[in-house]
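Visitor: Taken in order, these protein sequences are the chains called L and V.
Quick note on numbering: full-length UniProt numbering labels position 307 of the first sequence as 307, and the sequence is numbered without any gaps.
Quick note on numbering: full-length UniProt numbering labels position 276 of the second sequence as 276, and the sequence is numbered without any gaps.
Just so you know, the hints here were simulated from the structure itself, not pulled from any lab data.
You may find that some hints are simply not true.
Derived PhoX-like pairs: lysine-lysine, alpha-carbon spacing no greater than 25 Å straight-line [what the hints assert, rightly or not]:
1) L/K144 to V/K143
2) L/K192 to L/K210
3) L/K192 to L/K356
4) L/K356 to L/K191
5) V/K322 to V/K110
6) L/K143 to V/K144
7) L/K367 to L/K317
8) V/K144 to L/K144
9) L/K143 to V/K143
Number of protein chains: 2
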Amino acid sequence: MGLVVQKYGGSSVADAEGIKRVAKRIVDTKKDGHQVVVVVSAMGDTTDELIDLAEQVSPIPAGREFDMLLTAGERISMALLAMAIKNLGHEAQSFTGSQAGVITDSVHNKARIIDVTPGRIRTALDEGNIAIVAGFQGVSQDKKDITTLGRGGSDTTAVALAAALDAEVCEIYTDVDGVFTADPRVVKKAKKIDWISFEDMLELAASGSKVLLHRCVEYARRYNIPIHVRSSFSGLQGTWVSNEPQGAQKVEQAIISGVAHDTSEAKITVVGVPDKPGEAAAIFRAVADAEINIDMIVQNVSAASTGLTDISFTLPKAEGRKAIDELEKAKSAIGFDSLRYDDQIGKISLVGAGMKTNPGVTADFFKALSDAGVNIELISTSEIRISVVTRADDVNEAVRAVHTAFGLDSDSDEAVVYGGTGR
Amino acid sequence: MGLVVQKYGGSSVADAEGIKRVAKRIVDTKKDGHQVVVVVSAMGDTTDELIDLAEQVSPIPAGREFDMLLTAGERISMALLAMAIKNLGHEAQSFTGSQAGVITDSVHNKARIIDVTPGRIRTALDEGNIAIVAGFQGVSQDKKDITTLGRGGSDTTAVALAAALDAEVCEIYTDVDGVFTADPRVVKKAKKIDWISFEDMLELAASGSKVLLHRCVEYARRYNIPIHVRSSFSGLQGTWVSNEPQGAQKVEQAIISGVAHDTSEAKITVVGVPDKPGEAAAIFRAVADAEINIDMIVQNVSAASTGLTDISFTLPKAEGRKAIDELEKAKSAIGFDSLRYDDQIGKISLVGAGMKTNPGVTADFFKALSDAGVNIELISTSEIRISVVTRADDVNEAVRAVHTAFGLDSDSDEAVVYGGTGR
Chain L
1 MGLVVQKYGG SSVADAEGIK RVAKRIVDTK KDGHQVVVVV SAMGDTTDEL IDLAEQVSPI
61 PAGREFDMLL TAGERISMAL LAMAIKNLGH EAQSFTGSQA GVITDSVHNK ARIIDVTPGR
121 IRTALDEGNI AIVAGFQGVS QDKKDITTLG RGGSDTTAVA LAAALDAEVC EIYTDVDGVF
181 TADPRVVKKA KKIDWISFED MLELAASGSK VLLHRCVEYA RRYNIPIHVR SSFSGLQGTW
241 VSNEPQGAQK VEQAIISGVA HDTSEAKITV VGVPDKPGEA AAIFRAVADA EINIDMIVQN
301 VSAASTGLTD ISFTLPKAEG RKAIDELEKA KSAIGFDSLR YDDQIGKISL VGAGMKTNPG
361 VTADFFKALS DAGVNIELIS TSEIRISVVT RADDVNEAVR AVHTAFGLDS DSDEAVVYGG
421 TGR
Chain V
1 MGLVVQKYGG SSVADAEGIK RVAKRIVDTK KDGHQVVVVV SAMGDTTDEL IDLAEQVSPI
61 PAGREFDMLL TAGERISMAL LAMAIKNLGH EAQSFTGSQA GVITDSVHNK ARIIDVTPGR
121 IRTALDEGNI AIVAGFQGVS QDKKDITTLG RGGSDTTAVA LAAALDAEVC EIYTDVDGVF
181 TADPRVVKKA KKIDWISFED MLELAASGSK VLLHRCVEYA RRYNIPIHVR SSFSGLQGTW
241 VSNEPQGAQK VEQAIISGVA HDTSEAKITV VGVPDKPGEA AAIFRAVADA EINIDMIVQN
301 VSAASTGLTD ISFTLPKAEG RKAIDELEKA KSAIGFDSLR YDDQIGKISL VGAGMKTNPG
361 VTADFFKALS DAGVNIELIS TSEIRISVVT RADDVNEAVR AVHTAFGLDS DSDEAVVYGG
421 TGR
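Based on the sequences and whatever the hints tell you, model everything.
Guide: Written as structure tokens, this is what we have:
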């Protein structure tokens with residue numbers, strides 16, 4: 001019996017009852033003979049309440065002090081969780097990110113973990129304790145300031161600790177039963193996936209699946225830490241994410257893992273770009289300098305008559321205004337005609353390693369969309385993913401059509417509650 | 001212009017408005033040319049809310065995890081205060097007790113400061129920052145665990161930091177205008193004291209005055225740090241506590257500093273104690289072993305006929321049950337007849353260095369009580385204090401009578417709001 005890292009999101013510890021329920025689950029794991037390290041997020045709405053307070057004292061709260069403030073949230077939940085476990089007759093100690101050895105860079109509000117030195121956690125485990133660690137936070141290597149890891153940070157904390165402690169699994173407890181073949185709010189017949197490879201999970205996360213964030217899966221793949229995504233309410237087996245299926249997960253690998261969609265992006269088209277070397281570089285340099293993350297990029301062949309081409313790309317809606325501003329500033333230097341901005345788009349992605357060896361997948365995908373009357377505006381592919389941009393209004397219908405066409409529908413059509421994992 | 005340490009209690013930072021008001025006061029001090037270190041308590045009711053949560057998950061929250069939980073309170077207030085200061089255009093950084101170098105022993109929930117190593121605070125000040133430090137908390141020397149200092153701990157943090165940083169003054173901001181000659185809720189004509197010696201302040205604190213706790217004053221006296229107790233609302237000069245009055249505080253020292261009272265104690269009388277060596281020691285050993293703090297002790301001469309005597313002592317009401325239990329257990333070993341427990345008592349104390357050279361004070365004190373028809377049950381004295389125990393019902397009347405008899409009444413009789421300083 002090895003070491004297990006468990007992560008519980010804010011909705012699992014939203015109140016005293018939730019904390020007691022989670023404590024019992026942790027103690028059960030300990031009773032099974034495991035050493036247990038628990039990573040916990042702030043209780044329910046705590047983070048929102050702290051942000052609200054911050055905005056009341058300062059219109060632009062950010063940086064070092066904002067991190068100091070937000071980390072109070074996990075401090076509360078982790079101490080309460082340790083108390084609840086002790087109340088069940090087991091030893092527990094809570095540790096801040098800093099105490100747990102989560103070392104980060106100095107980028108406040110979205111720091112990256114650069115090292116984990118869990119000496120105190122090891123000692124606590126060796127002394128028979130369950131170790132409770134604050135998710136989402138660390139301490140900066142240079143200044144020893146408190147940092148936070150940004151959205152999904154607690155999942156990353158859990159995986160990083162699992163890697164540093166050589167855990168046998170990192171269990172991510174959430175309010176859904178696992179990773180599904182599509183968003184169950186859109187596709188009633190979506191099925192829970194029993195096992196999925198790191199690669200497919202990375203593509204799903206990059207394509208709009210919210211259950212696990214890309215960064216966390218990437219970390220798990222790098223250190224080969226199996227992730228088990230499961231519900232803190234049901235106790236059922238969830239979805240295993242790993243290199244190779246083990247034991248009960250040993251199912252024949254599906255050609256297609258799932259269908260993801262994303263309606264949080266907008267599309268910018270740069271119209272009338274001179275078709276000569278360096279033009280695309282100039283456009284994306286202007287956008288990158290503003291620290292805007294772009295997703296898909298498509299350039300058509302230029303019209304022979306004009307020597308001009310159009311370049312389209314997608315990016316988070318929240319960054320649309322800034323990107324337009326930056327491009328307008330660089331307009332004369334780059335030399336394009338105009339910009340078109342469109343935030344009524346959606347993206348549908350089909351993900352599966354089986355694509356590599358099944359050349360018919362792309363054709364079947366387009367046929368399914370065509371049969372559903374969905375018009376395609378942009379296409380982009382990777383080795384194991386194909387994504388299209390459509391009108392936002394068409395997204396749900398498109399996802400359902402593709403899900404059915406690839407035989408992913410379950411026989412049952414019972415509704416599944418689906419939500420995010422918090423931070 | 002030197003370094004000033006300011007401490008703000010929970011009532012001063014109870015909400016966003018309070019935090020902004022305090023931020024402005026801090027910035028004004030900085031503008032006057034001072035380096036400023038601020039010690040802050042948790043906002044208003046935060047601590048009570050955290051305790052309430054703890055009790056929901058565990059009936060006996062205490063120790064290491066309880067300290068971890070409670071320290072979230074100052075983390076929130078200090079980060080918000082730093083943000084509010086930055087919003088006014090000044091640089092500020094917040095520090096936990098641990099970051100500020102507040103090193104304590106390992107007694108959770110009531111740790112004692114054993115060293116202060118404020119290297120990071122010095123650096124922050126040298127870089128032009130206002131340093132905000134979490135009150136009430138530190139880190140244990142041996143295990144590096146988070147500790148709390150117990151009631152009044154933020155005041156002690158402030159004085160300890162002032163000593164370690166060689167501050168010119170430690171300002172304790174609270175919701176009253178200073179230290180008064182008596183509790184203004186009882187004596188409407190109580191006067192604010194402009195200056196009081198450490199010694200007299202120590203006696204007042206030990207006798208029931210709540211404005212400053214004994215431990216904090218003791219620390220200030222040991223390191224000779226002047227304390228200025230003042231209102232965070234009015235901005236008026238408050239009460240200076242120091243070795244010698246300075247400048248505007250140079251008033252002729254009063255014979256009597258003030259009248260304190262305390263109705264939080266109970267009296268235990270051990271009846272029929274054999275009058276032989278070692279009996280008192282056995283009684284107080286039994287009580288001390290249970291870690292009960294006793295206050296006054298009185299033993300009368302024994303009746304010649306029986307060779308038996310009575311020993312009375314006072315102690316906090318909250319510890320009365322435990323003391324009775326311990327004494328009953330030791331009854332046969334000690335050999336007394338019975339125990340009497342009385343929690344309807346009050347204590348009135350007259351404090352002033354002038355007593356040493358004014359032998360009439362004691363007589364005047366008893367006459368004032370007698371004229372007011374107050375019966376005295378126990379008497380205890382120090383060089384600069386005289387205390388009596390009376391019926392609890394007589395306390396207010398006794399305090400007023402003594403206050404008037406020693407000429408402490410102000411001419412004004414406007415009501416003054418009086419309260420505690422929080423923790």
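Visitor: All hints are to be evaluated individually against the structure, with a verdict given for each.
Guide: Hints versus structure:
1. Pair hint L/K144 plus V/K143 holds up; C-alpha atoms about 19 Å apart against a cutoff of 25 Å.
2. Distance restraint check for L/K192 and L/K210: the Cα-Cα separation of roughly 14 Å lies within the 25 Å cut-off, and the hinted pair is therefore satisfied.
3. Restraint check for L/K192 and L/K356: the C-alpha separation of about 23 Å stays at or below 25 Å, so the hint holds.
4. Of the pairs offered as hints, the one joining L/K356 and L/K191 holds, with about 23 Å between alpha carbons and a cut-off of 25 Å not exceeded.
5. Note on V/K322 and V/K110: the hinted pairing holds, with a Cα-Cα distance of about 19 Å set against a maximum of 25 Å.
6. Between L/K143 and V/K144 the alpha-carbon distance is near 19 Å, which keeps this suggested pair within the 25 Å criterion.
7. Among the hinted pairs, L/K367 with L/K317 is inconsistent with the structure: their alpha-carbon atoms are about 29 Å apart, more than 25 Å.
8. Between V/K144 and L/K144 the CA atoms are separated by roughly 15 Å; this keeps the pair inside 25 Å, and the hint holds.
9. Taking the CA atoms of L/K143 and V/K143, the gap is near 22 Å; set against the 25 Å cutoff, the hint holds.
Violated hint for the displayed structure: number 7, the only one.
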